[in-house]
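> Protein chains in written order, with numbering that gives the first Met the number 0: chain V, 0 to 211; chain E, 0 to 211; chain L, 0 to 211; chain C, 0 to 211.
The set of hints was computed from the structure by calculation and includes no laboratory data. Values in this document were obtained by computation on a predicted structure and should not be read as measured data. One should not assume that every hint holds.
Each pair may be met inside one copy or between any two copies, as identical chains are not told apart.
To be verified - Dumping the calculated EDC-like pairs for lysine to aspartate or glutamate here, alpha-carbon to alpha-carbon at most 20 Å:
#1 K26 / D156
#2 K26 / E56
#3 K12 / E72
#4 K128 / D180
#5 K12 / D180
#6 K128 / E82
#7 K79 / E56
#8 K12 / D39
#9 K12 / E129
#10 K79 / E144
#11 K128 / D178
#12 K12 / E99
#13 K139 / D178
#14 K133 / D156
#15 K139 / E184
#16 K26 / E144
#17 K133 / D121
#18 K79 / D178
There are 4 protein chains.
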Amino acid sequence: MPKVSAVHIATRKQQIIDASFRCFARKGFHPTTMHDICTDAGLSAGAVYRYFASKQEIIASACEASQEPPNSELLANAQKTPETKERLHGLIDAFFTRLEGLGATILNRALVQVWAEAVINDNVRGVFKERQAKMADGIKEIVTESQRRGDLRTTLDPNAIVQAMFALYDGFRLQKAIDSDLPSEAYVEVVKALLTGALWTGSPPSPTSGEA
Amino acid sequence: MPKVSAVHIATRKQQIIDASFRCFARKGFHPTTMHDICTDAGLSAGAVYRYFASKQEIIASACEASQEPPNSELLANAQKTPETKERLHGLIDAFFTRLEGLGATILNRALVQVWAEAVINDNVRGVFKERQAKMADGIKEIVTESQRRGDLRTTLDPNAIVQAMFALYDGFRLQKAIDSDLPSEAYVEVVKALLTGALWTGSPPSPTSGEA
Amino acid sequence: MPKVSAVHIATRKQQIIDASFRCFARKGFHPTTMHDICTDAGLSAGAVYRYFASKQEIIASACEASQEPPNSELLANAQKTPETKERLHGLIDAFFTRLEGLGATILNRALVQVWAEAVINDNVRGVFKERQAKMADGIKEIVTESQRRGDLRTTLDPNAIVQAMFALYDGFRLQKAIDSDLPSEAYVEVVKALLTGALWTGSPPSPTSGEA
Amino acid sequence: MPKVSAVHIATRKQQIIDASFRCFARKGFHPTTMHDICTDAGLSAGAVYRYFASKQEIIASACEASQEPPNSELLANAQKTPETKERLHGLIDAFFTRLEGLGATILNRALVQVWAEAVINDNVRGVFKERQAKMADGIKEIVTESQRRGDLRTTLDPNAIVQAMFALYDGFRLQKAIDSDLPSEAYVEVVKALLTGALWTGSPPSPTSGEA
DNA sequence: GATGAATGAGATTTCATTCAT
DNA sequence: GATGAATGAAATCTCATTCAT
């Protein structure tokens, strides 16, 4: 019985989280009512409250769920690729490929709501920073490895490089959240070019350039 | 009398917008109550409603106010600088310098709320896209001019380059909204390096690289 | 479940309409607060709003409920009486008998509020005129039949005669709304006398009298 | 100075009462705001409050003003007419002639509001009943005189006859308040006929008819 | 387990009234 | 005297949450 129950509970919880995602992407966290979620999930208020103690708990669960699943696999794949340039391009493709497909718009829109909530809600911010830090660590390894190889300039702060990579990713998700029809291909090319020196075709940097 | 009145009205409106900004940055649009705004502005409910017809109107005004003022001056300055690299660096400095100072944290946090609202609110989204487009146009001129000069690769879509520049800016503002202590210097260096070919120190791109 | 629900809903709606009637008779539509209605109905605000979407909807429902139920039965009874005089007396008795009893004062007072609302509110006026017209049609048949028989002067406009009958009824209800102790008997006698030629005992009308 | 002041005060008061009348006829007492009245009167809130202590006072004044001015003259005129039938017809004409003209619709509509207020407001009801009683007294004299002359049946309660006369008047005003286009002529003919035995053309009443 | 009617605190908004200028 | 900005109590309505069935 506990086994069956556990599966049932997980199913119901997922059903509710899925519904809340759709609602949050459509109306944001606070304008979404419990009634909205119940209707979208096809459950009664009483049923929903059996699985989540409060709306806050649903918001927290949705925030957690909104973040990338542990991408150790992604990084492991990247590390299999020997050449730095191919490795970075592969990483970029892996991330941006996620932004295609039907569920991506809902995910992007919900993510922007999560950001807004992280700004004002200590708990959500805590979870958010933790996940972000974990992901950053994985990327940072790749960056410092690339610096060690002499493919990325060593005078630049590897943390800041990672921040820029996140910015290029999140900034684009924001743009897609607001305009879901935005195509990705040209943007991905630019990101690849930025990270592997293929944008700038002017005079090469002076030896000390970039050392502020 | 009209003179006095007009000034008075403008003052009060600004007072209310300022208060609402602080509230919105702290709690987000929807959890902020009119009571919060009244208290923060030091006015009674009736007084606030003399200047704004509804909470929605205050939100809309705050959204408009949150966006960069028309930065024609910024662009004009950039265009005075002859060399492309200096020009881009100047532009980057101009934008990121704004992110320092006391009000910047409030502005960044409020901006993330504006993004979240733009995702779910047609009116706010409309205003947002319009302003964004206007700013993008200015930047795009600089990008295409740089491509014409042969300083930026012409096979890359200038619109996508502008998108990447926005992403590098907005993505960082998001990070500062969530962690206001984040220092800017190292990040700015990376952005400059990215745009002027100073990050990548590995093998140069093959002639056809970047042509997807 | 639908059966139980339907009965339950009807019961609750009636409970709320009854309470609102008492409140409206006591304080009028606009000075009556939702709190008054909730208290009088013994329900919470939320419960009341489950059955009526707004105060306006309660007012509209009360206005409809305040009007005489379709009195086809009344008219059918009248038409069974062969003699015109008896027929009119029966009709008068039927109408005025309604004005006795406990609920009548509340009904009269609420009705005056409905009149006031009909004057200023297009929707209420529409419903009011429609019901009034339906009732007038029934009475008019009796009047024209009486004229055909030669019992009522044919030179008088039957519509105007019906209007006068309504006036004698509504005008008295107004008086009872303001002074609920007013006795009905003497008044009813006068109405009967007016309609069946028993008031005037002076010289008979000249043949052309009444032809303006 | 006191003389000038007195005139000024009276002028202003009248200006405010006139404005409030228009507002009350349009929206009813309670939905009318002080702002409505100020705007319609072309005065500021402060100015209005110099002449009336509260909205209630304006309502009370409007209620008083809404009632027929002491119609001693009307009655005196009637009493100059020797014959009962002419006398009653003259009285009826005098009353109903007032219902023509531009201001009459506003007056009728406002009057219905006054009735509604009289039902729920002790002060207004008091004033209303007093005025009503005064007017009734005058009419009653004419009725009893007519009974003494043998023109109206003496077995009918003179008070009830007066009530019926009021009902015929007020009931019609109600109808005109709701439908201002309603013509008066046919109705006036019916009222004259009712009161002077010209409606009923059937069998005469039995000697004891009307004695309940 | 599931339901959905009921609760009631709290949100937005209005408006009669005051008072400094 | 006149103005109209400001006040703040109170009204309408919503919605997260509970609990009897």
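> Since the copies are identical, ignore which copy is meant and state whether K79 and E144 lie within 20 Å (CA to CA) inside a copy, between copies, both or neither.
Only inside one copy: K79 and E144 sit 13 Å apart there, 40 Å across copies, limit 20 Å.
> 20 Å Cα cut-off: does K79 pair with D178 within a copy, between copies, both or neither?
For K79 and D178, the Cα distance exceeds 20 Å both inside one copy (35 Å) and across copies (34 Å).
> With 20 Å as the alpha-carbon cut-off, assign the pair K12 and D180 to within, between, both or neither.
neither (31 Å within a copy, 37 Å between copies)
> Which holds for K133 with D121 at a C-alpha limit of 20 Å: within a copy, between copies, both or neither?
within (18 Å within a copy, 35 Å between copies)
> If the cutoff is 20 Å on CA atoms, where do K26 and E56 land: within, between, both or neither? Let me know, please.
Both, since 18 Å and 18 Å are each at most 20 Å.
> Could you place K12 and E129 in one of the four classes (within, between, both, neither) given a Cα distance threshold of 20 Å?
Classified as neither; 23 Å inside a copy, 40 Å across copies.
> Under a CA distance limit of 20 Å, which applies to K128 and D180: within one copy, between copies, both, or neither?
between (29 Å within a copy, 13 Å between copies)
> Reference check for the pair K139 and D178, CA-CA at most 20 Å: within, between, both, or neither?
between (30 Å within a copy, 19 Å between copies)
> Please sort K26 with E144 into within, between, both or neither, judging by C-alpha distance up to 20 Å.
Classified as neither: same-chain Cα gap 43 Å, cross-chain 41 Å, threshold 20 Å.
> Is it within, between, both, or neither for K12 and E99, if the alpha carbons may be no more than 20 Å apart?
neither (26 Å within a copy, 43 Å between copies)
> At most 20 Å between C-alpha atoms: does K12 with D39 qualify within a copy, between copies, both, or neither?
within (13 Å within a copy, 28 Å between copies)
> Evaluate K128 and D178 at a C-alpha cut-off of 20 Å and name the case that applies: within, between, both or neither.
between (26 Å within a copy, 9 Å between copies)
Hints 1, 3, 5, 6, 7, 9, 12, 16 and 18, counting from the list given before, are not met by this structure.
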